[in-house]
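S.K.: Residue numbers (numbering that gives the first Met the number 0), protein chains in the order written: chain B, 0 to 349; chain F, 0 to 349.
Worth double-checking, as some hints may not be accurate.
List of simulated lysine-lysine pairs, PhoX-like, C-alpha gap at most 20 Å [unchecked claim]:
1) K269/B <-> K306/F
2) K38/B <-> K97/B
3) K301/B <-> K331/B
4) K269/B <-> K269/F
5) K250/F <-> K250/B
6) K155/F <-> K158/B
7) K250/F <-> K269/B
8) K46/B <-> K158/B
9) K269/F <-> K249/B
10) K249/F <-> K331/F
These are calculated hints, taken from the structure and not from any lab test.
Protein chains: 2
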Amino acid sequence: MKNDLLLRAARRQPVERTPVWFMRQAGRYLPEYRAVRAKADFLTLCKTPELAAEVTVQPVELVGVDAAIIFSDILVIPEAMGMELIVEEGKGGPRFPKPIRSVDDINTLRAIDPNTELRYVMDAIRVSKQRLHDEVPLIGFSGSPWTLATYMVEGKGSKNFRHVKEMIFSHPEQAHRLLKRLAQSVADYLSAQIDAGADIVQVFDTWGGILAQEEFEEFSLSYIQQIVEQVKKKNVPVIVFCKDCGHSLKKIAEIGVDVVSLDWTSEIGKARNAIGKKVALQGNLDPTMLFSTPERIEHGVKSILQKYGNGSGHIFNLGHGILPETPVENVKAFINAVKTFSVQYHVKEK
Amino acid sequence: MKNDLLLRAARRQPVERTPVWFMRQAGRYLPEYRAVRAKADFLTLCKTPELAAEVTVQPVELVGVDAAIIFSDILVIPEAMGMELIVEEGKGGPRFPKPIRSVDDINTLRAIDPNTELRYVMDAIRVSKQRLHDEVPLIGFSGSPWTLATYMVEGKGSKNFRHVKEMIFSHPEQAHRLLKRLAQSVADYLSAQIDAGADIVQVFDTWGGILAQEEFEEFSLSYIQQIVEQVKKKNVPVIVFCKDCGHSLKKIAEIGVDVVSLDWTSEIGKARNAIGKKVALQGNLDPTMLFSTPERIEHGVKSILQKYGNGSGHIFNLGHGILPETPVENVKAFINAVKTFSVQYHVKEK
Numbered sequence: 000m001k002n003d004l005l006l007r008a009a010r011r012q013p014v015e016r017t018p019v020w021f022m023r024q025a026g027r028y029l030p031e032y033r034a035v036r037a038k039a040d041f042l043t044l045c046k047t048p049e050l051a052a053e054v055t056v057q058p059v060e061l062v063g064v065d066a067a068i069i070f071s072d073i074l075v076i077p078e079a080m081g082m083e084l085i086v087e088e089g090k091g092g093p094r095f096p097k098p099i100r101s102v103d104d105i106n107t108l109r110a111i112d113p114n115t116e117l118r119y120v121m122d123a124i125r126v127s128k129q130r131l132h133d134e135v136p137l138i139g140f141s142g143s144p145w146t147l148a149t150y151m152v153e154g155k156g157s158k159n160f161r162h163v164k165e166m167i168f169s170h171p172e173q174a175h176r177l178l179k180r181l182a183q184s185v186a187d188y189l190s191a192q193i194d195a196g197a198d199i200v201q202v203f204d205t206w207g208g209i210l211a212q213e214e215f216e217e218f219s220l221s222y223i224q225q226i227v228e229q230v231k232k233k234n235v236p237v238i239v240f241c242k243d244c245g246h247s248l249k250k251i252a253e254i255g256v257d258v259v260s261l262d263w264t265s266e267i268g269k270a271r272n273a274i275g276k277k278v279a280l281q282g283n284l285d286p287t288m289l290f291s292t293p294e295r296i297e298h299g300v301k302s303i304l305q306k307y308g309n310g311s312g313h314i315f316n317l318g319h320g321i322l323p324e325t326p327v328e329n330v331k332a333f334i335n336a337v338k339t340f341s342v343q344y345h346v347k348e349k
Numbered sequence: 000m001k002n003d004l005l006l007r008a009a010r011r012q013p014v015e016r017t018p019v020w021f022m023r024q025a026g027r028y029l030p031e032y033r034a035v036r037a038k039a040d041f042l043t044l045c046k047t048p049e050l051a052a053e054v055t056v057q058p059v060e061l062v063g064v065d066a067a068i069i070f071s072d073i074l075v076i077p078e079a080m081g082m083e084l085i086v087e088e089g090k091g092g093p094r095f096p097k098p099i100r101s102v103d104d105i106n107t108l109r110a111i112d113p114n115t116e117l118r119y120v121m122d123a124i125r126v127s128k129q130r131l132h133d134e135v136p137l138i139g140f141s142g143s144p145w146t147l148a149t150y151m152v153e154g155k156g157s158k159n160f161r162h163v164k165e166m167i168f169s170h171p172e173q174a175h176r177l178l179k180r181l182a183q184s185v186a187d188y189l190s191a192q193i194d195a196g197a198d199i200v201q202v203f204d205t206w207g208g209i210l211a212q213e214e215f216e217e218f219s220l221s222y223i224q225q226i227v228e229q230v231k232k233k234n235v236p237v238i239v240f241c242k243d244c245g246h247s248l249k250k251i252a253e254i255g256v257d258v259v260s261l262d263w264t265s266e267i268g269k270a271r272n273a274i275g276k277k278v279a280l281q282g283n284l285d286p287t288m289l290f291s292t293p294e295r296i297e298h299g300v301k302s303i304l305q306k307y308g309n310g311s312g313h314i315f316n317l318g319h320g321i322l323p324e325t326p327v328e329n330v331k332a333f334i335n336a337v338k339t340f341s342v343q344y345h346v347k348e349k
C-alpha cells in the first residue's frame with residue numbers, strides 16, 4: 000500500500016500527517032459523479048460493479064482523499080433479505096413500500112449469503128481494488144442493525160420514528176428478533192467485504208441518537224458489539240460511527256472497536272481525553288462549514304487539529320456526510336488544509 | 000395558588016409529589032382542541048385571546064396537568080418584527096416566504112413593543128389567568144434567539160440548516176447583529192408576559208443542538224444568558240430547554256437559570272449529579288413512549304423518578320413536545336403515574 004496513513008492512524012501507529020477522507024465522498028457534489036449517474040439510476044449504479052468502482056475511485060483522483068469507500072447504500076441488506084426497495088435520489092430518500100410491522104413480517108425476511116445476494120458489492124470491491132492499484136486503502140461499510148431496522152419498520156425517512164419506537168416499547172421481543180437477524184447479516188456482509196478486499200470497515204449507526212441512553216445500549220450498541228466481535232477475527236480495523244451519541248462515547252469505546260467516529264457536536268479534544276487511550280478518533284468538521292470560504296474552512300480544520308493535539312490516532316473526516324450542493328473547490332481546500340496543517344502534530348513521530 | 004407544586008419544584012423547595020406538565024399539552028392530541036381549531040386557523044387561534052385561553056386551560060381540566068402553558072407559537076416574534084408568516088398546521092410546518100439572508104434583510108426588521116404588536120398574547124395570558132382561578136400556575140414562553148434565527152434565515156423547517164450555518168460561518172457579524180436584536184425582543188416579550196400574569200417562563204432552544212459546542216455557546220447560549228439576566232429581575236423562575244445539548248448541561252446551568260429541561264437522550268440521574276445542586280431539572284420521557292401501553296408508560300415514569308431520586312427539584316415532562324396522534328388515555332396514564340409513584344420520593348420533606 001503506497002499510502003497507508005488511514006490504516007496506521009486507525010491503529011494509533013505513527014504517521015507523517017493526519018489522513019483524511021469523508022462520508023459520502025463518492026457523491027453528487029462531484030460533476031464527474033453526476034455524469035456517471037446520468038447513465039444509470041442509483042440502485043443500478045450500486046449493482047453494476049464497473050460503474051460503482053468508477054465512482055468509488057473518483058474522489059481519490061479528483062480531490063485527493065487518503066482512502067476510497069466502496070460506493071453502495073446501507074439498504075441493500077434489507078433488499079437482499081426480500082424487501083422491495085425504492086430509491087429516488089434527491090426525492091425524499093429511499094423507501095420500503097411494505098414496512099416491517101409484525102412478527103409475520105419479520106418471518107418473511109430471508110437469510111442471506113452475502114456472496115450470493117450481495118455478490119455485486121463484492122464484485123465492485125474487487126474491481127475497485129484493481130483500479131486503486133494499492134494507492135490508498137478501500138473502506139467497506141454497513142448500516143448498523145438498529146439503523147437498518149428504523150428504515151425497515153418506518154418504511155421511509157422519519158421525524159419521530161414512531162413505529163420503530165412503538166416496536167421497542169410495546170414489543171421489545173419483536174425488535175430483538177429483527178435486530179438479531181440483522182446483526183448476523185451485517186457481520187457476514189462485512190466479513191465478505193473484507194474477504195473481497197476491503198482494508199478497513201465502518202459501521203454507520205445514523206439513528207442511534209434518537210434513543211435514550213439505556214435503549215441505545217440495548218437496541219443498538221449491543222448488536223454493534225456482536226458484529227465487531229465477529230468481524231475483528233478478520234484482522235482489519237473497525238470504525239463505528241454513532242451519530243448524536245456523544246453521551247455514550249465511553250460505552251462505544253469499550254466494545255472492541257478500533258476507531259470511534261464523531262459527529263460535529265462532540266468536542267474532539269474532550270473525546271480524546273475520555274477515550275483516546277482505547278481507540279482512535281475520526282472526525283469531525285460540520286459538513287455545512289464547506290459552504291463557507293476556504294479561509295473559514297482552514298480555520299475550522301486547524302481548530303480540530305489543535306483540539307486533538309499531538310500524535311497519531313486521528314482520522315480527519317466530516318461529522319456527517321457531505322451535502323450534495325457543496326462546492327468542489329471548498330472540498331479541495333478542506334483536504335489541502337488537513338494535509339498541510341496536520342504535519343506539525345506528528346513531527347515527534349517521524 | 001391552590002397548586003403551586005411547579006413553582007416550588009422550580010425553586011427546589013419541598014413538595015408533596017413531583018409536578019407534571021408537558022410540552023405541546025394544548026394541542027392536536029386532544030379532541031377538544033381540534034374542536035376549537037375547527038373554528039379558526041392556527042394563527043387566528045393564537046391571536047384571539049378568548050380562543051387561545053380556552054385551549055390553554057383545556058389540559059388542566061382534561062388530563063390534570065399541574066400547570067397551563069399559554070397557547071401561542073414561537074414565530075409570533077419574527078412576525079411582529081415584520082416578517083410574513085404562513086402556518087399551515089400539519090402541512091410541513093410554518094414558513095417565511097421572504098427569509099433573512101443579508102444585512103439589508105436584517106435592517107428591515109422592526110423593533111417591537113410586546114404590549115403593542117404582541118398585545119394579543121398578553122390579553123390571552125390575562126384571560127387564561129382569570130379562567131385558571133389560581134388553580135395552577137401559568138407558564139409563559141418564547142423561542143430562543145438562535146432558534147428563531149434558524150427559522151427566519153432558513154425560511155422553513157430544515158434538515159441541514161445550510162443557510163443559517165452559512166451565515167454563522169461566513170458572516171458571523173451578521174448573525175450576531177440578528178441575534179442581538181432577537182435577544183432584546185425575547186427579553187422584552189418574556190418580561191411583558193410576566194407583567195401580564197405568567198408565573199414562570201420557559202425559553203425553547205429547539206435547534207441549539209445542531210451546533211458544535213463552541214458555536215452553541217457563541218450563537219445560542221450567550222444570548223439566552225442575556226435574556227435570563229434581564230428576565231430574572233421580575234422574580235419568577237426561568238426554565239431553559241436546549242434540545243440535543245446534553246454535551247453542555249454544565250454551561251447551561253451556569254447562566255442563572257432556575258430549571259434546565261432535558262430531552263430524553265440525557266440521563267436525568269447523571270444530569271442531577273452534574274448540575275442538580277445548581278438548578279432544578281425538568282423532563283424527560285421520550286414522547287413516543289406514549290404510543291405504547293399504560294403499563295409500559297408506568298414503567299418508564301417509574302424509571303425516571305427512580306433515576307432522579309429523593310427530594311425536590313424535579314418537574315416531570317416529556318423530552319420534547321407530545322405528538323399529535325398520541326392516545327389521550329395514554330396521556331392520562333402518564334400523568335397519573337407521575338402523581339402516584341412520585342409521592343414516595345418526597346416523604347421526608349413533608
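S.K.: Against each hint, give a clear statement of whether it holds in the structure.
M.R.: For each hint, the structure was consulted:
no.: 1; hint: K269/B <-> K306/F; in the structure: 26 Å, violated
no.: 2; hint: K38/B <-> K97/B; in the structure: 29 Å, violated
no.: 3; hint: K301/B <-> K331/B; in the structure: 15 Å, holds
no.: 4; hint: K269/B <-> K269/F; in the structure: 18 Å, holds
no.: 5; hint: K250/F <-> K250/B; in the structure: 23 Å, violated
no.: 6; hint: K155/F <-> K158/B; in the structure: 15 Å, holds
no.: 7; hint: K250/F <-> K269/B; in the structure: 15 Å, holds
no.: 8; hint: K46/B <-> K158/B; in the structure: 29 Å, violated
no.: 9; hint: K269/F <-> K249/B; in the structure: 14 Å, holds
no.: 10; hint: K249/F <-> K331/F; in the structure: 33 Å, violated
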